[in-house]
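There are 4 protein chains.
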Amino acid sequence: MSKSFEEIKELIIQFREERDWKQFHRIKDLLLGLNIEVAELQELFLWKSDNEIQQIKKAEIENEIADIFIFLTYICDEFDIDLKTAINKKIELNKKKYPVEKSKGSNKKYNELKS
Amino acid sequence: MSKSFEEIKELIIQFREERDWKQFHRIKDLLLGLNIEVAELQELFLWKSDNEIQQIKKAEIENEIADIFIFLTYICDEFDIDLKTAINKKIELNKKKYPVEKSKGSNKKYNELKS
Amino acid sequence: MSKSFEEIKELIIQFREERDWKQFHRIKDLLLGLNIEVAELQELFLWKSDNEIQQIKKAEIENEIADIFIFLTYICDEFDIDLKTAINKKIELNKKKYPVEKSKGSNKKYNELKS
Amino acid sequence: MSKSFEEIKELIIQFREERDWKQFHRIKDLLLGLNIEVAELQELFLWKSDNEIQQIKKAEIENEIADIFIFLTYICDEFDIDLKTAINKKIELNKKKYPVEKSKGSNKKYNELKS
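Quick note, the sequences are listed as chains A, B, C and D, same order. By the working numbering, the letter at position 72 of the first sequence is numbered 52, and the numbering carries on one by one without gaps. By the working numbering, the letter at position 96 of the second sequence is numbered 76, and the numbering carries on one by one without gaps. By the working numbering, the letter at position 48 of the third sequence is numbered 28, and the numbering carries on one by one without gaps. By the working numbering, the letter at position 90 of the fourth sequence is numbered 70, and the numbering carries on one by one without gaps.
Hint data in this document are derived by calculation from the structure and do not stem from the laboratory. Take the hints with a grain of salt, since some may be wrong.
One copy or two, either will do: identical chains are not told apart, so a pair holds if it fits within one copy or between any two.
Capping the alpha-carbon separation at 30 Å, the derived lysine-lysine pairs in BS3-like fashion look like this [stated by the list, open to error]:
{"#": "1", "residue 1": "Lys82", "residue 2": "Lys94"}
{"#": "2", "residue 1": "Lys84", "residue 2": "Lys69"}
{"#": "3", "residue 1": "Lys28", "residue 2": "Lys69"}
{"#": "4", "residue 1": "Lys94", "residue 2": "Lys69"}
{"#": "5", "residue 1": "Lys(-11)", "residue 2": "Lys8"}
{"#": "6", "residue 1": "Lys94", "residue 2": "Lys37"}
{"#": "7", "residue 1": "Lys84", "residue 2": "Lys2"}
{"#": "8", "residue 1": "Lys84", "residue 2": "Lys94"}
{"#": "9", "residue 1": "Lys82", "residue 2": "Lys69"}
{"#": "10", "residue 1": "Lys69", "residue 2": "Lys37"}
{"#": "11", "residue 1": "Lys94", "residue 2": "Lys75"}
{"#": "12", "residue 1": "Lys28", "residue 2": "Lys38"}
{"#": "13", "residue 1": "Lys8", "residue 2": "Lys89"}
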């Protein structure tokens, strides 16, 4: 169970290869699919109060989160993107855009932060 | 650079803690944010031909993919979801819903697969 | 200013024709574009408290709502759909799915309503 | 059948009032719902070739388009927005952002148009 990013990616891509599904995975379909999966996650929460949200089954949320990640992996595969590298770069970038002393406790976008 | 899922998650959550942003991360905002990030990824591709897509800078795609993953991580954190476990479970589920012999080379949803 | 649906549609389609943009409006791009416009509307509200939402400029909301409607009109045009007819049909359908006596004051989906 | 925007809006709002649903229509839920409806429209087209798209039933597309419009109407109602006015304003704005002589036959965003 202690799989790395690489092993998880391999699992997902192998699943697809066994089914010969790459032929359907044109980029604009993957982008639509990504949104469809996000909407399925959102639907679990729609109209619900905080109390009702507490009662959503964790397995249902896990299920939709996994679907989103699977689409993300397909898109990474398409452009030869290493997810870990992408995230590391982004965190470094965000550290510059949102320095702690300016952004702490603020919900402003970086271009609205006081200088 | 060979970080595990756990280390990446820790990096993302620590970034947030240092800025005290959890207070803004109500679940419905996280769900809206997830969709906004997906749209930013989609916007890179909008109206573009296959040729024009080739010219999109990889760094731009990486940047948006990372943002999506960051929101996914926040949502996982909210519900104490282990992403790896979620994906493993989902792949097992999908293997049952989409057996190779029925789904190979088909773009049908599982409930439309011939029995 | 008292324009009908037909006049508004004509205005939108004429704007496109003058710019010769139909060539870019492949259906999957229109569907991505629709989502991108929805995200732009959502972004106005992201992270905001009820108080902060009161301070959003009405013109900004109008602006994004109009963009969504414009994409909707393009898609209707693609499939020769009359929006008014579509809405009338849907309301009739919803009246059957959600009879007042069962659905009043309930946030349940029609397939979860008590019989 | 030749209903105006105002009559259609009234029909939608009246349907909601009869069911006493406004209490669930917090703005962030309406924004999530809007995306969920867009995703349902997108799902009709997912993975499909141009040929397969020809075979989608018009009634299904109408159905999803109507749902999107209904959510749009709820959001307009929330902020006292007149949809026609919003669209007229936007078209006027777009005429300035995308003058025919610069934008004809171009898929560029207004801020990328050659001056």
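Hints versus structure:
1. Lys82 / Lys94: within (7 Å within a copy, 37 Å between copies)
2. Lys84 / Lys69: within (21 Å within a copy, 37 Å between copies)
3. Lys28 / Lys69: Intra 36 Å, inter 26 Å, cutoff 30 Å: inter-copy only.
4. Lys94 / Lys69: Classified as within; 24 Å inside a copy, 32 Å across copies.
5. Lys(-11) / Lys8: both (21 Å within a copy, 27 Å between copies)
6. Lys94 / Lys37: Classified as between: cross-chain Cα gap 21 Å, same-chain 42 Å, threshold 30 Å.
7. Lys84 / Lys2: between (44 Å within a copy, 11 Å between copies)
8. Lys84 / Lys94: within (12 Å within a copy, 40 Å between copies)
9. Lys82 / Lys69: within (21 Å within a copy, 37 Å between copies)
10. Lys69 / Lys37: between (34 Å within a copy, 15 Å between copies)
11. Lys94 / Lys75: within (16 Å within a copy, 34 Å between copies)
12. Lys28 / Lys38: both (15 Å within a copy, 27 Å between copies)
13. Lys8 / Lys89: both (28 Å within a copy, 18 Å between copies)
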